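S.K.: Here is how the chains run, residue by residue.
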Amino acid sequence: MIMTNCKSSRNKLLKTIQKHWQLYMMALPAMVLLFLFSYLPMGGLVVAFKRYTLEGGIFGSPWSDPWYKNFELLFRNNPDAFIAIRNTLLLNAMFIAVGTVFSVTLALCFNELHSQIYKKITQSISFLPYFISSVVVGIFVSGLLAYDTGSINSLIVTLGGKKINFYMEPKYWPFILLVVNIWKGAGYSSIVYLAAISGIDGAYYEAAEIDGATRMQQIWYVTLPLLRPTVIILTILSVGRIMNADFGLFYNVTRDIPTLYPTVDVIDTYIYRALRKIGDIGISSATGFFQSVVSFVLVVVCNKIANKIEEGSALF
Amino acid sequence: MNTMKSSLRQRVTLGHVLVVIFIGMFAAMCLYPFLLVISGSFTTNIAAKTYGFSLIPREFTTAAYKTLFSNSQAIVSAYKVTVFVTVVGTFLSIVINTMIAFTLSRQMLPGRRIINLYVLITMLFNGGMVPWYLICTRYLHLQDTIFALIVPMLVGAWDIFLIRNYFQSIPNEMYECAKIDGAGDFYILFRIYFPLGKPVIATVVLFTALGYWNDWWHALMLVEVQSLQPLQMLLRAIISNIQFLQTMDSSPQVQQMMASIPGDGIRMALVIITTGPIILLYPFIQRYFVKGIMVGSIKG
Chain A
749 MIMTNCKSSR NKLLKTIQKH WQLYMMALPA MVLLFLFSYL PMGGLVVAFK RYTLEGGIFG
809 SPWSDPWYKN FELLFRNNPD AFIAIRNTLL LNAMFIAVGT VFSVTLALCF NELHSQIYKK
869 ITQSISFLPY FISSVVVGIF VSGLLAYDTG SINSLIVTLG GKKINFYMEP KYWPFILLVV
929 NIWKGAGYSS IVYLAAISGI DGAYYEAAEI DGATRMQQIW YVTLPLLRPT VIILTILSVG
989 RIMNADFGLF YNVTRDIPTL YPTVDVIDTY IYRALRKIGD IGISSATGFF QSVVSFVLVV
1049 VCNKIANKIE EGSALF
Chain B
295 MNTMKSSLRQ RVTLGHVLVV IFIGMFAAMC LYPFLLVISG SFTTNIAAKT YGFSLIPREF
355 TTAAYKTLFS NSQAIVSAYK VTVFVTVVGT FLSIVINTMI AFTLSRQMLP GRRIINLYVL
415 ITMLFNGGMV PWYLICTRYL HLQDTIFALI VPMLVGAWDI FLIRNYFQSI PNEMYECAKI
475 DGAGDFYILF RIYFPLGKPV IATVVLFTAL GYWNDWWHAL MLVEVQSLQP LQMLLRAIIS
535 NIQFLQTMDS SPQVQQMMAS IPGDGIRMAL VIITTGPIIL LYPFIQRYFV KGIMVGSIKG
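Just so you know, the protein sequences line up as chains A and B, in that order. Under our numbering, think of the first position of the first sequence as 749, with each following residue one higher. Under our numbering, think of the first position of the second sequence as 295, with each following residue one higher.
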């Protein structure tokens, strides 16, 4: 009885595969690639617990002794790693907070424009920066900030001030990166908010108008409250990624100048340096392990929260 | 009634003027660096040194472009690499992502949920840079091959789900009917679903192509040979070379040499050559981007 059951279920499986083999074939290439470039590196995280040797590679190297050796190196007496983690969290938090406020404001303003042509043109221009690489952004920034040729310095001189050597002064960079980040992303993310605004039922505004609400009051009492779920969810989802810095921004725009590290070095640039410049697999893999695990927990928790607030809004 | 209401809404107030100005200023801010770089590429080095860059070149020159084109070997080679990677990468990526998206959109398919989870997990968790680098170099031997610039970027969970969602919105009867007529799944996908999915696939094509065109990360990590450097890396290399010369050597000869080469100008001319195609195509493709962002924002 059991044997026939087993046999029939195996037959059933074979039949299913036979019937749908083309569909399974279609999924195969992507699954193989995901295995190679996503799942193998996930498995490769064990290297954080190993004493990496060239001969052994990821899987053949001996375990480190004690098992937390690499993490000890990372967390004990390592101010650089501490600075990188702190910078990642603070800068990303600032990007999320200021960026969200700015994008929402931008979307509200776009929504107020009467002239459709003006709206279309300015909107197109505003998300143009999203489409260029961070290498080019870095050159734009140096065109503005360079000591000799930068247009900001020539403006300062014209106004009678003294030139600032921006690339030697860490204190300006959180603000510079914030501006660059908004410049690059605000036009793009305002589209999402604009989509949400245009989905609001016009009846709300008509009712508000009948009650004598001014345009400003309509924005404050109708648009913003109805926009709130979208804002909250997008913010929560970006908080889930707060441990991951935009490597291009921090590497190309700051030109990877060591003088600026105190304020702009982030986890991703720290790992990159430890891996490629210093070649320290131990510390870089421990940092990466820390980042991956914390990120994973944050993403899952944030998605759960987003789903609680609005059903079906999260990734899963 | 209708006209009255709209006239009421269209009334120009001080607030509205401020909004128009704010939007105008932001747009100008977004455009300004582009104009600055265009002008900068035509500015002589001396003018740039004395006055800084401005929106209109004070002393007009095409020296930067001349220098670039007289040593055009590196540029032509980088252009070839970038174009090849973009075309081949985008094509393969679309085919591969569309295929698995089609599989995932067949709701009745046994095992669909498992494949879905398999893709979803890659969005939530990743091994990070170090294991990825070790896998690519040590086990897959991608270092210094053209594949390093194409293969790692082929599959993206986000694109897969975007296309899958669109396919799911197509009535299932379409699939059933084609099946009854004896069509295979590959035929159904490429002859029926692919054309139907054009709006969303166009968006994914554009984002993918842009990703390949702008990619420098994979070259930075995996490619060292000169002949395989893409445009973005050439741009990076030129920046750091100029920087290197400027910072390392202040001897009069080198400084004189630096003055004769329009350093910043060359850099900016190269930006124009690199970014030019995007800017030129931009007016035609931007509506797809807007649509894509809207579609993507609804649900991943």
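Rather than coming from a laboratory, the hints here were simulated on the basis of the structure. Note that this is a predicted model, so its numbers are computed, not measured. Even glycine gets a Cβ: it sits at the ideal position worked out from N, Cα and C. Treat the hints with care, as some may be off.
[What the hints assert, rightly or not] Listed below are the simulated DSS-like cross-link pairs for lysine-lysine, each with C-alpha atoms no more than 30 Å apart in a straight line:
{"#": "1", "chain 1": "B", "residue 1": "Lys360", "chain 2": "B", "residue 2": "Lys374"}
{"#": "2", "chain 1": "B", "residue 1": "Lys585", "chain 2": "A", "residue 2": "Lys1056"}
{"#": "3", "chain 1": "B", "residue 1": "Lys473", "chain 2": "A", "residue 2": "Lys763"}
{"#": "4", "chain 1": "B", "residue 1": "Lys473", "chain 2": "B", "residue 2": "Lys374"}
{"#": "5", "chain 1": "B", "residue 1": "Lys585", "chain 2": "A", "residue 2": "Lys1052"}
[To be verified] Beyond 10 Å from chain A on every Cβ pair, some chain B residues (computed):
{"#": "6", "residue": "Leu418"}
{"#": "7", "residue": "Lys492"}
{"#": "8", "residue": "Val519"}
S.K.: Please go over all the hints and tell whether each is borne out by the structure.
M.R.: Here is what the structure says about each hint:
1. B:Lys360 with B:Lys374: Roughly 20 Å between the alpha carbons, so the hint for B:Lys360 and B:Lys374 holds.
2. B:Lys585 with A:Lys1056: The given pair, whose Cα atoms are some 28 Å apart, holds under the 30 Å limit.
3. B:Lys473 with A:Lys763: holds (17 Å)
4. B:Lys473 with B:Lys374: violated (43 Å)
5. B:Lys585 with A:Lys1052: holds (28 Å)
6. Leu418: violated (5 Å)
7. Lys492: holds (19 Å)
8. Val519: holds (16 Å)
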